[in-house]
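Model the full assembly from the supplied sequences, consistent with the hints where possible.
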Amino acid sequence: AQSVAQPEDQVNVAEGNPLTVKCTYSVSGNPYLFWYVQYPNRGLQFLLKYITGDNLVKGSYGFEAEFNKSQTSFHLKKPSALVSDSALYFCAVRDTGFQKLVFGTGTRLLVSP
Amino acid sequence: DAGVIQSPRHEVTEMGQEVTLRCKPISGHNSLFWYRQTMMRGLELLIYFNNNVPIDDSGMPEDRFSAKMPNASFSTLKIQPSEPRDSAVYFCASSLAHREGAGYTFGSGTRLTVV
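Chains as they are written, first to last, in the working numbering: chain A, 1 to 113; chain B, 1 to 115.
Worth flagging that the hints you see were computed from the coordinates, not collected in a lab.
Quick look at which bits of chain B chain A covers, simulated, 3 or more residues with Cβ under 8 Å:
#1 41 to 54
#2 87 to 98
#3 102 to 108
Here are the simulated lysine-lysine pairs, DSS-like style, with alpha carbons at most 30 Å apart:
#4 B/LYS78 - A/LYS100
#5 A/LYS69 - A/LYS49
#6 A/LYS58 - A/LYS100
#7 A/LYS77 - A/LYS49
#8 B/LYS24 - A/LYS100
#9 A/LYS100 - B/LYS68
#10 B/LYS78 - B/LYS68
#11 A/LYS22 - A/LYS58
#12 B/LYS24 - A/LYS49
#13 A/LYS58 - A/LYS77
#14 A/LYS49 - A/LYS100
#15 A/LYS22 - A/LYS49
DEER-style ranges, computed between Cβ atoms:
#16 B/GLY101 - A/ARG108: 25 to 35 Å
#17 A/ASN55 - B/MET39: 27 to 37 Å
#18 B/LYS78 - A/PRO18: 43 to 53 Å
#19 A/LYS69 - B/LYS78: 36 to 46 Å
Virtual Cβ for every residue (Gly too), placed ideally from N, Cα, C.
This is how it looks when you write it as structure tokens:
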């Protein structure tokens with residue numbers, strides 16, 4: 001069965017500092033991995049995804065994520081955080097051959113000025 | 001494309017009333033998903049459809065909940081009778097099934113309050 005873990009309920013970072021939001025996954029086959037962001041009173045918005053190829057994936061708003069197969073991780077990163085990055089971030093995994101995305105519980109990112 | 005469109009954006013109803021939430025997926029997408037989001041339970045998948053056919057409704061909490069997809073461009077989620085514990089934000093999402101690496105596109109959600 002597919003599963004995703006986001007071990008941190010909340011991540012606090014000062015503006016201008018690098019940020020990391022952690023995600024680990026479990027699938028039986030090859031994973032498709034996604035990050036979504038949710039701003040207050042909005043739906044989830046796609047940030048980036050990993051399908052195959054380069055382990056470093058670049059996405060919207062300067063975010064990137066690194067796929068690490070040996071550690072079964074897909075951590076979200078940004079070199080310099082902005083206050084406007086404050087939001088709820090969801091990691092999701094889809095196993096090849098399955099249609100359902102399985103979402104993590106979400107990590108709230110708070111960027112202080 | 002206008003994206004996934006949900007209506008209404010907000011719904012306030014009294015306990016016992018019937019509530020119908022609506023969703024129009026992205027044109028050409030053949031998978032549709034209904035989610036519920038609450039502080040306590042996070043994001044829960046309620047049901048999903050492929051080519052208008054319900055595939056997995058194991059997340060539907062009780063018989064009070066029902067969902068239909070009469071055609072490729074419209075789906076409804078109905079709660080009858082509604083209860084205060086149904087208060088949540090309900091999201092619809094659509095996707096292109098069997099496309100490698102396809103993700104979901106979410107609507108803006110319907111915030112349901114049952115008083």
